[in-house]
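S.K.: One letter stands for each residue in the lines below.
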Amino acid sequence: MRRIHEHPILGTLKDAEECTIVVDSKPMLARAGEPILAALLAHGVYATRLTEKLREPRGLFCGIGLCTDCLVTVNGVQNVRSCITPVEEGMVIETQTGGKRER
Amino acid sequence: MTKLQTDNTCKGLRRTGTLSCEELASCPGIPSEKRLQEGPVAVIECSEEIPCNPCEANCPRGAIRIGDVITGRPYLDGDSCVGCALCVSHCPGLAIFVVDLTREEGDKVTLPYEFLPLSKPGEIVHGMNREGEIVCDAQIVKVDTNTHNDRTAVVMLLVPKGYGMEVRFFCEDGGKNDGEQG
Amino acid sequence: MNAETPDILVVGAGPAGLAAAIEVSEHGASVTVADENAKPGGQLLKQTHRFFGSERHYAGTRGIDIGTKLVHKANDIGVKILLDTPVVGIFDGLVAMAVGQKRLLAMHPQRTILATGAAENAISFPGWTLPGVMTAGAAQTFVNVHRVRVGERVVIVGSGNVGLIVAYQLRQAGSDVAAIVEAMPNIGGWGVHAAKIRRMGIPILPQHTIKETRGDGRVEQVVIHQIDKRFRPVPGTETVIEADTVCLAAGMSPRSRLAEMAGCAFVNVPELGGRMPVHNVVMQTSVSGFYSAGDIAGIEEASTAIEEGKLAGLGAAFSLGRVEQAVYKERLMAYTEALDELRCGPFGKERKQAKDRVVKGYDEIAN
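Protein chains in written order, with this note's numbering: chain L, 1 to 103; chain Z, 104 to 285; chain R, 286 to 652.
These are computed hints drawn from the structure, not numbers from a lab.
Given the structure is predicted, the values throughout are model-derived calculations rather than measurements.
Hints are supplied without guarantee of correctness; some may be wrong.
What the hints assert, rightly or not - The calculated lysine-lysine pairs, modelled on BS3-like cross-linking and capped at a C-alpha distance of 25 Å, are:
| id | chain 1 | residue 1 | chain 2 | residue 2 |
| --- | --- | --- | --- | --- |
| 1 | Z | K114 | R | K514 |
| 2 | R | K354 | L | K14 |
| 3 | R | K514 | L | K14 |
| 4 | L | K100 | R | K514 |
Can you make the complete structure from the sequences, with help from the hints?
M.R.: Right, dumping it as structure tokens:
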């Protein structure tokens, strides 16, 4: 687990409401309101997508919603920035390949 | 795996991140040899002109002087300093230490520490020098976590005689300081 | 003009934006701050270390606490802060934003202060797209704001203050820092930041850079090598570091798209991060009604951002007739002196000269 429970300056991590999200069909516990990518990293999931042609993994890069490297599909909607989008109870997250919108 | 090392054949703060002997000697915040042999005293290892003066502002005895231009390097008035260590936690650069080289049982080094786990008095740890090398064993004498220090723990170590002007950090067994255990 | 339009709109609730909004409010004008993030504070949210400067610059106070102080001050004085509200465009003075990321709102405030900050530069090398390679800011955000470790063993590229401080913060978070590589012959940041790192045993390697990263699905190895004064690799100096994370701290650039859209004139000042809108002594850009403050006006620190925010707020409020001449003169002098104080010494002097060029750019256009 990569959560920082105790920190010399930030103190003890406060309890938060848990919520369950589903990531590639597997349930995952997240802290209510945290970005999707925080939950993924806490559980050791680093790749949020594969690129279209070469199927190369991508994940966290800028962390502030600028670079679009961390895209995932959320509740069927593609190309959601996982680093700034907060989790919600029951959210269905799929790591995606490419990002072309299906018609 | 190759051990990575900063090239210490090149000396100096700008090149290596550690003060050379010459730079230390010319730091106005380093007390004289005479003063060091008189009792606990602050050692201010701040050698660059950066805009900063909380040390001057927080010393209750006015023993630290920077002046009106806040980029001045801190000067330590050894006669006014009693080694109270209030300055240790207030320096944003964590560059102030208090040493007592006058004890028979060993030299005492008080330093700022912002990591977990926080060692307890009595524990034996490893004393580290400015280059991060383990140079001796050390014993934790005191750990001050007063809220006045705003989460900078002020730790006093007992190190062997002669190491008081060398030890500036410490680690527990295993040679690493983690933010969190496990 | 609708009920939601303030006299002055501030874009960005970081130190510059909050300081600007507080200043505006002190002079009785109405002000709204729009910020794309879920929490106000900008970079201050991630800065767990103590700030430098003097008492008026909150010296000795941790960045996170300065942020809290500014937000409380803003709230107490009646500043409206819209969060999750990115400003998406400026069209002939009309400012469009997505309130709560959902509702499009367009307004024509009398004055707009752009305090949108800066973003980290990306540097590329073979393997840079592997998960595990990220900006230093990303690591800081996830560790200090979201409380998640981004990796177990990190190599940091860049020994400016950002790289040095993030190394320290990563250790506080429980990660190991294998090395800081720096392309230049000297360490970029302040000596005290470097000294903190070195006494922990973290090597800082000038004239070294990343050759490539390798790994299956994630960074597993980082290969560094020495470079000469012309940045050419020195053959035979490759070192393989077992690490799972690389943090890029190779400088920042102003986030100035909105200033471009507003039609502001720009100047290129490499020492301050590249291209930035020109401004005068009260932070007014070349476009009437638009001001800039903070990193968008040149990469410096939070303390200078706060003073520039105050200047911009003062300038904007004065231009609306909300500030008496005597008060204006007094505050203009006080804030300018505070900035001069921060731009002193060998590190600050270069920045002062660079900022003078930004103001010179404004003068050349205005005349």
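S.K.: Each hint needs a verdict: does it hold in this structure or not?
M.R.: Now for the hints, and whether the structure bears them out:
1. Note on K114(Z) and K514(R): the hinted pairing holds, with a Cα-Cα distance of about 18 Å set against a maximum of 25 Å.
2. A distance of roughly 21 Å separates the Cα atoms of K354(R) and K14(L); the hinted pair therefore holds under the 25 Å criterion.
3. For the suggested pair K514(R) and K14(L), the alpha carbons sit about 49 Å apart, so the restraint of at most 25 Å is broken.
4. Distance hint between K100(L) and K514(R) is unfulfilled; the C-alpha atoms sit about 45 Å from each other, more than 25 Å.
Hint compliance for this structure: hints 3, 4 are not met, and every other hint is.
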